[in-house]
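**Student:** For the sequence shown, our numbering gives the first residue as 12, with consecutive numbering after it.
Hints listed in this document are in silico derivations from the structure and should not be mistaken for laboratory results. Note that CB positions come from ideal geometry on N, CA and C, so glycine has one too. Misleading hints may appear alongside valid ones.
To be verified - Okay, the calculated beta carbon distance ranges per label pair: (1) 117 to 32: 13 to 21 Å; (2) 98 to 36: 28 to 36 Å; (3) 54 to 90: 12 to 20 Å; (4) 73 to 102: 12 to 20 Å; (5) 41 to 87: 17 to 25 Å; (6) 99 to 66: 30 to 38 Å; (7) 69 to 115: 25 to 33 Å.
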Amino acid sequence: MKPRTRMHSPMMADKLPAHYLASTWVAQDDNGLQAYTLGMPMLGHPELQIRDFQGSPDELYSMLANIADYAQQGATLKDGDTMAFAEGEPPIRITAEPWIVDADVPALRIHF
């Protein structure tokens, strides 16, 4: 499945909150949990993902949903960026890699 890269109707994007257009998914794999967004390109951003997470599914979902919301509110995330949720916390690294769902789709991986 290839995600759409733009909205069919620009009016639709103005009427719906961004979190309705880009969802966050969590799944188990052999190395722990993984999470990814679905729909970020429709909002002008690459898909986001986290792999090999060892915490709880709720914690993982909240982290990725918050980062996606940060981008949806206007932040630009790119390969090589670092960020932190709060002052004094270790930085989160961002790298470019293929999307978990479809290797032909570019994505940004969030490293904790």
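**Student:** Which of the stated hints cannot be reconciled with the structure, identified by number in ascending sequence?
**Tutor:** 5, 6
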